[in-house]
Amino acid sequence: MSQSQYVQSSAVPPQVAGGQEALRARDIVKRFGAVTALNGVSLRLQKGEMLGILGDNGAGKSTLIKILTGFQAPTSGQLTINGEDVALKSVDHARELGIECVYQDLALVPGLSIYHNMFLNREPLRAGPFRLLDNAQMKRRAAEALEDIGVNIPDVNEEVARLSGGQRQAVAIARAVYSKAKILLLDEPLAAMGARESGLILDLIDRLKKRADLSLIMIAHNYAQTLEVADRIMMFQHGEVTFERASAETSVPELLDVVRQNYKVVRGGA
Amino acid sequence: MSAHTHKPAQTELGTKPRPHIGKRGLHGFLRVREASILVVAILLIIYFESTNVNFLTDANLQTLSQFISPWVVIACGEIMLLICGEIDLSAGMVFALAPFIMYFAHDAGLPLIIAFILAIIGCGAIGFFNGFVSVKLRVPSFVVTLGTMFLINGFTLTISRGFPVDTPNDGIFSFLMGGGYAEITWAVILVLFMHGMLRNTRWGLHTIAVGGNLLGSAESGINVTKIKIGNFVITGALAGLAGILEASRIGSTDPLAGGSNMMFMAVAAAVIGGTSLMGGSGTIIGGLFGGLMLGVLQDGFTINGINAFTFDMIIGAAILIAMVFNIHFARLRNMGKLK
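So the protein sequences, as listed, match chains A and B.
For the first sequence, the numbering used here assigns the number 13 to the initial residue and increments by one for each residue that follows.
For the second sequence, the numbering used here assigns the number 5 to the initial residue and increments by one for each residue that follows.
Warning: the hint list may mix true and false statements.
Stated by the list, open to error - According to the in silico footprint, chain B covers these stretches of chain A (three or more CB under 8 Å from chain B):
1. 133-139
2. 243-250
To be verified - Just a few of them, taken from the derived set where beta-carbon distance is under 10 Å, the chain A residues facing chain B:
3. Ala99
4. Val103
5. Phe142
6. Leu145
7. Asn147
8. Gln149
What the hints contain is simulated information worked out from the structure, not anything from laboratory work.
Each residue gets a CB set at the ideal place from its N, CA and C atoms; glycine is no exception.
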């Protein structure tokens, strides 16, 4: 297997300076009937680190996200979060443990205001017997949350349907960060976005990286952008990790070489 | 945007600032979806009052309120369903069945109020069945409720043997359910209650979320199944309540009451009032105004002696115009052309 030279050992990834482990996944397997979406994936995320995961469509990136967010259970394998072995029971359970995800579809509701979206399914209620929404509190805290990550949207009453792609992304990220995320998963945050707006989102991600209490995993397919922003790179191909290295020690040509080698293996071998 | 550029570490994603409140005026009013349909209804009232002095009399207002009330009560449920992306075609048949459940329960010796509660629970159970088959067995609700529409109609005709019965009557209950303006009072109270629920509770917010982004709502941890089935239950119960209100007013429980025409008028009131058939947006107050407009049209044409066929053509045109208007009005708003 020619790709093995690139995998330094998926069980023991290279250490990033300082800190403890935020997340560890060991030998995660996920099968859907006869299809194996993930075939023994292991990864480790240090506190405060940003891990970039690259791969083509069908490489297993989305399945990994669904497992890390508790949306689906793995067929086998073990997750360890903050040093404790856990089996995630639901999205809510993962959230309690500080795992948040900004999905590619952003999970925003176009017909609702920014502040309602920011508190979707976590709405604060007013005191009293009627369990009414505390809209005033939501507006205030939504504005604070956006300001906190340095995003300037003048009016939190605006319907999400009227926002640009970058604004929506920023709202989704602010929502995740505000909900006390310790591990934040970003699923293709720069997909379908123009150069100017993706630059703004990369700036935003840079600011998030400076938070010592936040660990990030970014799923992407743009090698250059991911190398620029991530501390460490993992590459997924057909449900396996085929490459892993600190961003500083690799380059776009090397990543492309891995992909090329791997295609040769798949087409020649299987 | 220039007002914010002094903050260097900010990501500038701002929209243009909105115009000042004073400048918004008419446009601000038109942004409230419900307002435009209320204006149409009021113009129609003025028109009919100017062409016929009998329009705004107590007797005619009672008649008008009796047209509108059942549509509006059923529309309250249908709007919740339409918002979360579903529909209930069986509501008009549940409307006819409910007073029979009450009649038979009362006939078996139960107090009327208990019989009433049983009937509402029974109609809620039909709603649950509609919702369960739609959501859990993944049959589109249009098809599921098309099936239950025929099924319930046949059931009502069977248990009644096709003949009307006298609605049970015991003074206070009958006054509360069937007095002169009782139906419209119920309708307005329900509209206010349901409007508050849609705008100010988690249930309402999650109903909009489920219709606007089903997968996203599930990813946010919203129990999508519970929201959808719950709204089917609400629709069933409200359709049953509307049927009992009508049967109490008339004093007779008719197996041929309601029907699919009743259900379609409720859906028409919802759509004309600004609820989208595509899900994700809607308004309960708008349903009241939509029902008011339809009622004023029907009543006004009746007392002016215009033929029922013409009325159907006008309702058809009104629904089409309302839908075109809604879709393109929403598009303009989203493009920021209307502020």
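### Task
State the violated hints by number, sorted upward, taking the hints as numbered earlier in the document.
Hints 2, 3, 8 contradicted; others consistent.
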